[in-house]
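Engineer: Spelled out, the chains give:
There are 2 protein chains.
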Amino acid sequence: MIVSALLTSVGINFGLCVLFFALYSILRKQPVNYNIYVPRLVAEDKSRTSYFNIGRLLPTPEWMGRAWKPTEDEILSSSGLDAVVFMRIITFSLKVFTLAGIIGVFILLPVNCTGDQLQDINFANLTSNSLDVFTISNVNNGSKRLWIHFCAVYVLTIFICYLLYYEYKYISSKRIAYFDSSKPQPHQFTILVHSIPVSAGGSISNNVQSFFMEYHPTTYLSHLVVQKTYIFSNLAMRKEVQAAFVSFKSRYGAAMALHLQQSDDPTEWVTEQAPEPHDVYWPFFSSSFMLKWILNLVVIVAYVLLTILFFIPVLIVQGLNNLSQLEVLFPFLTSILKITFVSQVVTGYLPNLLLQLFLKMTPPVMKFLSSIQGFISHSEIMRSACMKVLVLMVWNIFFANVFSGSVLNQLSFVLEPKNYPARLAVAVPAQASFFIAYVVTSGWASTSSELFRLIPLIWSLLRKPFSEPTTDEFEAPSFSYHWDIPRVLFFCLLGIIYFFLAPLILPFLLVYFCLGYIIYRNQFINVYAPKYETGGKYWPIVHNSIIFSLVLMHALAVGIFTLKRLSLASSLMFPLPVMTLLFNAYCRKRFLPIFTAFSAQRLIKKDIDDSSDPELMAEFFSKLVIAYQEPASSPLDHSTNCDSETYPLLSSTQF
Amino acid sequence: MIVSALLTSVGINFGLCVLFFALYSILRKQPVNYNIYVPRLVAEDKSRTSYFNIGRLLPTPEWMGRAWKPTEDEILSSSGLDAVVFMRIITFSLKVFTLAGIIGVFILLPVNCTGDQLQDINFANLTSNSLDVFTISNVNNGSKRLWIHFCAVYVLTIFICYLLYYEYKYISSKRIAYFDSSKPQPHQFTILVHSIPVSAGGSISNNVQSFFMEYHPTTYLSHLVVQKTYIFSNLAMRKEVQAAFVSFKSRYGAAMALHLQQSDDPTEWVTEQAPEPHDVYWPFFSSSFMLKWILNLVVIVAYVLLTILFFIPVLIVQGLNNLSQLEVLFPFLTSILKITFVSQVVTGYLPNLLLQLFLKMTPPVMKFLSSIQGFISHSEIMRSACMKVLVLMVWNIFFANVFSGSVLNQLSFVLEPKNYPARLAVAVPAQASFFIAYVVTSGWASTSSELFRLIPLIWSLLRKPFSEPTTDEFEAPSFSYHWDIPRVLFFCLLGIIYFFLAPLILPFLLVYFCLGYIIYRNQFINVYAPKYETGGKYWPIVHNSIIFSLVLMHALAVGIFTLKRLSLASSLMFPLPVMTLLFNAYCRKRFLPIFTAFSAQRLIKKDIDDSSDPELMAEFFSKLVIAYQEPASSPLDHSTNCDSETYPLLSSTQF
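Heads up: the protein sequence lines correspond to chains R and D, in order.
Per full-length UniProt numbering, the very first residue in the first sequence carries number 1; after that it's consecutive.
Per full-length UniProt numbering, the very first residue in the second sequence carries number 1; after that it's consecutive.
Same shape as in the complex, but just chain R (with noise of 0.2 Å):
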């Protein structure tokens, strides 16, 4: 791809982007839009109608000075703790490009062009050159300014890894004040026990009733069995089902159930943390053990296929980028193929937009899938088809473009470890190209697009004249942690591995991320209502591909390196991927652990906290034994462990 074809492409995205932005601004004031643009306020009934004026017809920028302000903590209280997590994705990858970026183009972009491997820079016509001569690739076989390019890996990479460790710190520190400054919840004192056996002529609550009175009896408070409703069958009497919340009177007293496996047999009375109320995910209560594993297997094989078999858009995308190609598959097409802007287009802008179209697919798809998995939460749903999007993204976004995605190819190329830098230090470069107009497309675009909610509008202009005005409460959308989270590690994962390679990708993307900056702020506030809390947890996945790419551009270092007939700075190489992965083992010691779990410590303080508001809690408990119940049902079957009167006074003494 030549400049003039990027500059196009930025040019038309640029473009794009401003018409986003006023007409954001311009919509956004029109209060019948109010339910598009600010659902927030809406839902809080705090949106305020205006009155007709002229100046609501001109777009004005102070929609961004109010996305700016507010503080973290203020996010914080009013998005919960996963949007404060994403904002520091975004505040992350600032800060690591910003180094990048510096590095980058003020020291490697000039040494790149500055050789003539590939050809000579024409500087009188700047913008008729191609875009490797900006690359690694243009830099003389064996010359000594590769030594340059060998200190930048290094230096980023220590940067990065510094900043990785002080951002699980800060979030690790932020989730245990975040769960310090909470009320009472139910989840908090719940546990989910299912597998739980059947004896003959018991019931399963009187089994549940036994064993937790026999085993927990301080703690023990009450419990909920789960029943199954057949809809479609004659029995509309509801069914049992081996599963049950199981709650207690002090959150260490869930935690000794929870983490203490309970029967001599570990796949009977299985004890897992119960979600908020709201987030339970009912349809899987009644899968036996070996039901759940084979569902699991079944989408593990169906989601290994469709990552493989994605290789068919992606092929198509990439014949749209082979012009030549292009004019012996469509004869037709090749005289307006010869125009220069048309082929400026289709090269520059057509691959990407279809690959997007077909990216916004998967989320989706992998929603579905995860769904079937045997989850029972929204929010462990949202997390696994949040690493599958990221997964698919890579593989088929990155690898299979890179690697001309037969399936063959890609099956050769997982099987011979040893070859994986010498190809990818092959491959790699030659898309430098097709990422950075990627970047330009879906990172600049696209995330204008996210803040115009271009189809939301669409569907409330369809919508309209067939619905009739609801008194239903009306419910403000949930933020795509599943889809927005792969988006921006995956242009993090871009920006790593091009960094040394082709830095003219940096200042693009140092663009996005700053858009991003504000965008999402804006969403946060005024459009996604919080709806399922993980507490932070999404960050080890951003961690672990953080850590991913660092690994994969040593990688690609140590094949360039070689390819450029440096050997020594190709074996020198060898010590960071391990330094890195040494790091990774040492952050999942010390801070994973606070993501699945708290500390006895923890709970103990807080326990005792609570103890002194003793009608707050009995208060609390009396709300609790019938947190669990199903939503528009029938009375479950439950019992209590004791009667109202009697809840205890929580007291050191009782721990």
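It should be emphasised that the hints constitute simulated quantities derived from the structure, not laboratory data.
The beta-carbon is built from N, C-alpha and C at its ideal position, and this holds for glycine as well.
Careful: at least some of the hints might be erroneous.
[What the hints assert, rightly or not] Some but not every residue of chain R turned toward chain D, in silico, with C-beta under 8 Å:
#, residue
1, V10
2, N140
3, D264
4, E416
Let chain R serve as the given structure and place chain D on it in line with the hints.
Structural biologist: Just chain D now, kept in the frame of chain R:
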């Protein structure tokens, strides 16, 4: 190798076995040898000095009857659960190889013989046939008879998996029963806490006391801070180490502190199951978290290097296998090697003997490596050494022999997974004769020399003139699980791999396991006293090793059937390793947690049982508070939670 060479080896080894058995039955009756042959009876003062009679000089077989008689429960009570697990490995192997032997010798062997891919079998002069005539290589390519081998693989896999499930279930229940029937033991009530944070001006002992009094007030009993003596330092005053043994009033209380993360920082207040007091391995308590981690890595690197470099002795051994190569290297031997008997000894016997000698050096080296890895108990060191020896044996004796182990060859094999079946299929059948000889030499003769205890005998003969009769308590030796378990498992691997390739190995293996059954039983009764009891934790190693052998057999089958031009059989083989690994995953879920820790149900029941005898418990607690003092040392700094009069009466309301 031709049949006569094998018969020579069989003859030599059989003769050696008979010789060892005869010598054993004579020597064991001489009172001067009681220390070597019946040290258990000596240590327990049960040996009877008999008067001299001529019968003492004749070989008699009644020791075999005495070894056969005891039941499993008697072995359990006299030698511990680990000895029972070891004997069950042998009985498991006997069951497997009885069925395998029947299928192999009566069905597969005739099928192999009647083929003529390599050569027609010479019935007239059977001993002049090459051993390869009896392997699968002799079946014609593309023959339909290969389906018999295919079915044999399926049948054996299903049978082994069924047996594995049954054994895992049996040993799990034995482990739980062993725990149930045990008296109160210090290590059941104690945990080890390390990485204790030091606050300025406070002592570690006060830290521990205040932490456990605050968070475990009802269950905490006492603690003992570990101290380190610096022998060479002029501060002959001892230094406190950031580790302590903390004892609780109930097993459940100890389990609660063990399984929940205690502190917000997962690298502080790290809890671990305490070993039995005599099992503690003291040198590593003063290491910090980082030092232990670094040592761990150093050991792993050293182990990998050792394993790879072990090919040097293997190469020497292989050289002996090839007569012509020898004649080139040592031309002066040419005339000697022409003698048939000498050449048969050199090819059939000498290589294995040398290999055995090299192998005998590995367990002490592995035990040393494990002991610097940072473990805190001897039993853990033994288990880790067992796994190291097993992996080294499998890699170097099996794979390296099979791949003419040069280092580059080994690495290139590992790094090309898609070639595994093909390369295995070419190389493994060719080594069949070597391994049949290996079974006969290493299996038969080495196990018989275990009975004969040649090295302790020679050692005591050499030491006699110099040692004075001591009044020290004579201690019986303990069984070296880290050497014998890998050996038995290696023979299982050989049998499973060569089952359908060279069934001729199976009768020899069966003889080995029968010998082993009698010999090891005899040794457990008479020689080895139980020292470090793991409670059956060796069985998961056995299970994993058998699963690995099965999957290796499946990979071989895929390669062999492809080589033999029966690709349908190759493809139909693929479900088998998948099903085997799924079965393994199920077993890990169903049984492995029992080997890590006991369930809450079990601990609470045992605590309630104890509470029926308060005086016994009071006496036990008074011994518990000093149980972990270092032997022969000055009193450690310790403090107890309560005075001797207030040892709690355990009742159910205390939990």
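Engineer: Work down the list of hints and note, for each, if the structure agrees.
Structural biologist: How the hints compare with the structure:
1. At its closest, the beta carbon of V10 of chain R sits 43 Å from a beta carbon of chain D; the interface hint therefore is violated under the 8 Å criterion.
2. At about 31 Å, the closest approach between the beta carbon of N140 of chain R and any beta carbon in chain D exceeds 8 Å, and the interface hint on this residue is violated.
3. Here the hint on D264 of chain R is kept, as its CB sits about 5 Å from the closest CB of chain D, short of 8 Å.
4. Taken as an interface hint, E416 of chain R checks out: its beta carbon lies about 6 Å from the nearest beta carbon of chain D, inside 8 Å.
Figure legend: structure checked against the earlier numbered hints; hints not met, in rising order: 1, 2.
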